[in-house]
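J.: Chains as they are written, first to last, in UniProt numbering: chain H, 1 to 282; chain B, 1 to 341.
Keep in mind that a hint or two might mislead.
As the list claims (entries may be wrong) - Quick look at which bits of chain H chain B covers, simulated, 3 or more residues with Cβ under 8 Å:
{"hint": "1", "region": "124–133"}
{"hint": "2", "region": "136–144"}
{"hint": "3", "region": "221–227"}
{"hint": "4", "region": "241–247"}
Please keep in mind that the hints were generated in silico from the structure rather than gathered at the bench.
Virtual Cβ for every residue (Gly too), placed ideally from N, Cα, C.
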Amino acid sequence: MSVAIRPAVAEAPWVRRFVIGAAVLSLALLLLLPLLAVFTEALRRGLAPALAAIVEPDALAAVRLTLLVAAIAVPVNTLGGIAAAWAISKFDFPGRRVLVTLIELPFSVSPVISGLVWVLLFGSQGWFGPWLEARDVRIVFALPGLVLATLFVTFPFVARTLLPLMQEQGRAEEEAAATLGASGLQTFRHVTLPNIKWALLAGVLLCNARAMGEFGAVAVVSGHIRGETNTMPLHVEILYNEYQFVGAFAVAALLALLALVTLLAKGALEWLTGRRQGVETP
Amino acid sequence: MRMTRRSLLAALPAAGSVPVALAQPRPAAAQGATLTLLNASYDPTRELYRDVSAAFAAQWQGPPAVRVNSSHGGSGAQARAVIDGLPADVVTLALAYDIDAIAERGLIAKDWQQRLPHNSTPYTSTIVFLVRKGNPKGIRDWGDLVKDGVAVVTPNPKTSGGARWNYLAAWAWAREQPGGSDAAAERFITELFRHVPVLDTGARGSTTSFVQRGQGDVLLAWENEAHLARAEFGEDRFDIVHPSLSILAEPPVAVVDRNVDRKGSRAPAEAFLRFLFTRPVQEIAAKRFYRPREADLVAANRALFPELRLVTIDEAFGGWATAQRTHFGDGGSFDRLYRPR
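Can you make the complete structure from the sequences, with help from the hints?
T.: Spelled out as structure tokens, the structure:
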């Protein structure tokens, strides 16, 4: 009796076509269609009103604020994420599992709560509120609060992208470097970093996308002051509520474009680096 | 950033390189400072305060020059934000209860409502019905809202100031009917909310549901919000129905004492609120569909503001504190009567 082993890739053609078709269709429906709708709505009355909505002072302030918050939060979380992933995957210490769980905490907490905790800590009625107020330091309803909320929400992205890879890679290479007399920093630069750079890039981009797009947590700590504490997602909501639909979708389209540019930058970077090194990119 | 550019501009004529007319600094720019007041307001006043703030800045005799920035949100949420440290110089909210909540934390003097004319309420509004063009369901009064097949759109009274006015207006009408009583009002409210398919969190959200997404046959709305929706989306699409009786909605204003004293902005903040009671702002209010306090302006705009019987929160419900506790607090009448469908 012989058993016919059918390779997994040799499905009947109709099955393959069906699966591919379903994937393409759901991608188109769930990703492309909404994106298309954003741009269509933005350009409903032509290019000029859409551009006018973007160069309007409050919108520009929102763009600046969003970029500033991301410019602070992303580097901090990149360093923090690398440090956490490195510590967890390359060293043994008590509390490792607790640390892994802690890193994932922001994923499991509702963004509204992620914003509210900062109000509870640093708001006027909060734990440190009166102390801060006496020194004229403003955290919530100002830039520091927006940065803190964004940091909290986006912390897991870099660490969570790096961890599985670094755990899989094991410690053999680092241990070899150590026996050859390399310092910790040298080991990291010449051994660990080259191994993780693509995962790191992916993590940083995800982190950036979320940092620019975060709504819930930021809405709680923003205070919605025009031209001062409204980030782009908040500005979109405000315009929408003011019946300025073209403006709302124009700013939303800009936000989407920023995300697309980041993705393209990632693709270009991978392609360039891959070609120079003659290495296949993952 | 903005500051640097201005002082740069101010410095340029001294260098003699720019025509003076172009770079002529306004008196305040020469002082190098513009004081920014923050007005924490509720959702539907965005358009109103955009005009009022510009008018105030234009007539203000500095120094320092003053501009008024604003922050909008649900009335209760805005009160909470001020309590938590939002540095508002003035609050212009949907109902006195929300300002009382701030006063309770010591940020505003307890007697705030006596500090300005008309109970510190520069304009009023009321609750009306916005219906589809031609009023296909024949809605004339509150009683018509509970007819078969009528779907009513109103926000959640737990989160929206406007929704609380809606709720109390309905209650007041039911109690005023022949043989009316609080028990009859409870039955009417129970029936009314059976006709509400979904509760949005805020007044603007409900308007969008009704106007943009085409939900429901009638929207319970601020009179100003109903007029604005018609102006924005087409008078040929919606009609406004004034019921026989509604509530006098008084959205009050107050200076946030602790914030202005810390910031040294009491004088302009108080001037801004006094400005709200002057003729120019009363005219802006009428243009933005709020009922002005000045009777001749109301009379001049009778088409917008028809006469109808208006009850006040004090005479019909014994003030906001009582109304809030009886109807919207935990275990209040809304909790007992509302059953989500």
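J.: Tell me, in ascending order, the numbers of any earlier hints that this structure violates.
T.: none
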